[in-house]
Amino acid sequence: MRTTLGRVLIYAVLLLALIPVLFPVYYVFAGTFMEPRELSTFPPQLIPTGFHLDNIQRVLDAVPLMRMYGNSIVMAGIITVAQLATSVLAAYAFVFLKFRGSAVVFALFLSTLMVPAEATFIPNYLTISGWGMHNSYLGLVLPFLAYAFGTFLLRQSFKQFPLELRDAARVDGMGHLRFLWTILLPLNKPALSAVGVYVFISSWNMYFWPLIMTRTTEMQTLQIGLNSLKNAESANPGLWLAGAALSVLPTLALVIFGQRFIVRGLTAGAVK
Amino acid sequence: MLPTVPTPTTQASDRADGDAAPASTATTAARRQIPSASRATGPRRETMLAWGFLAPSIVVFLLFLLYPLGRTVYLSMHGNDIIGRPSRFVGLSHFEEMFTGEFGKILLVTALFTLGVVVPGAIGALAVVLLLESQIRAQRFFRSAFVLPFAFSVASASVIFAVFYNPASGVLNGLLYQLGLGQVAWLTSTEMALISICLTTVWMNLGYGVLILAAGVGSIPKEVNEAALLDGAAGPRRAWYITIPLLGPQLFFLIVISTINALQGFGQIHILTQGGPVGSTTTLVYSIYENAFAYGTSDFGRASAQALVLLLMVLICTAVQFGVIERKVHYS
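So the sequences go chain by chain: V and A. Under my numbering, the very last position in the first sequence is 272; numbers go up by exactly one each time. Under my numbering, the very last position in the second sequence is 1332; numbers go up by exactly one each time.
It is worth saying that the hints were derived from the structure and are not from the lab. Glycine is no exception: its CB is placed at the ideal position from the N, C-alpha and C atoms. One or more of the hints may lead you astray.
Claimed, not checked - Partial pick of chain V residues on the chain A-facing surface, computed with a CB cut under 8 Å:
1. Val25
2. Val28
3. Phe99
4. Glu118
5. Asn124
6. Ser247
With the sequences and hints as input, model every part of the structure.
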C-alpha cells in the first residue's frame, strides 16, 4: 500500500510548498525588527541581527498609525454590528413570520449579492458627498450597513430551530422580540460568530471605498494608511513592513484562533 | 407560499382564533397545517412586523444598491459640462468608444489577470489539499499554515510584495543573483508587471482556496474512501478517480468566486503599479477608478459606462454558477 518513501515524499513536497507561502509572513515581522541598513544590503539579509524597534518607532512618527488603527476599528466595528443587526432581523422575518411575498422578497435579497460593489461606488460617492459626509465615519460605513450574505447564512441557521419550541414560547405570551433576544440568539451563537468574523475581516480589509471616501490622513483607515506610508516614505521599506506587520495583527489573531468560524462563514455557500 | 388571501378567509381564521380562545399547543400545531391561517397575533400584525424587520435592510439596498444602478445607467450616457458636472447628454458615445483599441487592451489585461489568478490559484489549492488529504500526521498544522496568508489584507500583502519586488534590495532579485541568474524589473517592465501582480494575488488567495477545498474533502463520505481502498485505489489513483471528481462542486464554486474576485481586483494594482507601466496592468476596475477618481477632473460618465460592463461580466459569472449548480456538478 503506502510506502515509507511515498510518505517522506509527501512531507518533503508539503514543506517545500510551505516556503513561498510562509516566507512573506515571516519576512514582514523579520523586516520590521531589522535596522534600516540591514534592509538595504544586497543580496538581502533574511534574519535580523536583533530586535531593533527603530522601524516601529519611526512608522508611528511618519503617519498617524494609531489614529488609523482607531478608524479601522470604528469602521469595521460599526459595519459588523450593523450587518449583524439588520441580518438577524431580516432572517427572523423570513423564517418565523408569515407574510405575503416572503419568497419573492428573499429572492430579491439574494439577487443583491450578484452586484459587484465597484459598480455602485460612483453614484454612492456622489450621494454621500452630496450629503456632506465625505471624509467621515458615516460616509465610510453607510453603504455597508446591510448585506444579504449575513441574512442568507442566519436564515439557514434559524431554520434549524424547532418550530414547536417557538410556538410554545409564543403561547406562553412571549413576544417576538423577547423570543429573538432571549432564546433564538443565544442558541445561534456559532452562526452569529461566523457572520461576525467574516464581516469584520472583510470590512477591516476594504480598500477601494475607504480610498475614495477619505481625504485627510486623519480619516484614513489602516489599509489606505499603508499606501500613504509607502508613498511618503518611498525610500524606507522597513517602515512599510512595520506598518503592514502592525496592521495585520488583528486579522492574524482571528485566522489563528477563530479559524473554525471563518471556515463556517466561507464554506457556507460552497458545501451544499 | 401564501395564497393571495381573500379577506373573508382571513376574517374566518380570525374568528377561529377567537373560538379557540385559550390557545393550546395542539391547536397551534394544527393551525400550522393551513398555510393561510394566522397565528395568535393575527396575520396583519405579523405582516407589519415582518416588513418592519426587513425595512432596515431594504432601505440600505434601495439607497446604496438599486438607486446607484439606475444612476450608473443615467451617468453612463452623460459627459462633463463646462463646470465639470456629469450633466451633458452624450447618448451611447461612451459605449461606442469601447470598440476602439484602448478599451480592447483594458479587457485583454483584465482577461489575462483573471486567468493568471484563477488557474494557478485553483491548481495550487487543489494540489495542497490533495497532499494534505493523504492521511499524514500534523494535517491540521499544515492546513493552518497554508491558510495563514488569508489574514493579510490586499494592502498589507501588496506592501510586503513591493519590498520583495524592489530591483536593488528585494529578496526576489537577491535570490536570482545568488542562483547566478539575471535581474528582473518586476514592476517596471511591461512584460513582468502583470505577472508580478498575479503572483501577489495568488499568494493572498491561496488560503481561501485551501479552506473551500478542504471543506469539500471533509464532506466526502468515509464509505467512499473505504470502498476505494478495498478496490485497491490509493495515492494518486484515488486522488484522480475519486477525490477530484467528488470535489467537482467545490472546485467549480472556487473557480467562479475567484473569477468574480479577480474581476474586482483593485488594491494590489493601485499600490504596486498604478495601472502601469503604459497601461500594462490597467484592468477594468482600475480603469473605472482612474477615470472617476484618480485625477482632478473626474470623468464619471465614461467610468459609469465601464462600471456597467463590469456589472455585466459579474452577472454572467453568477448566472453560469446558478445554471450549473441547478444541474449539479457531480453524480450524487
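- Could you tell me which of the numbered hints above are not met by this structure, giving the numbers in increasing order? Going through the list in order, the structure violates no hint and respects every one.
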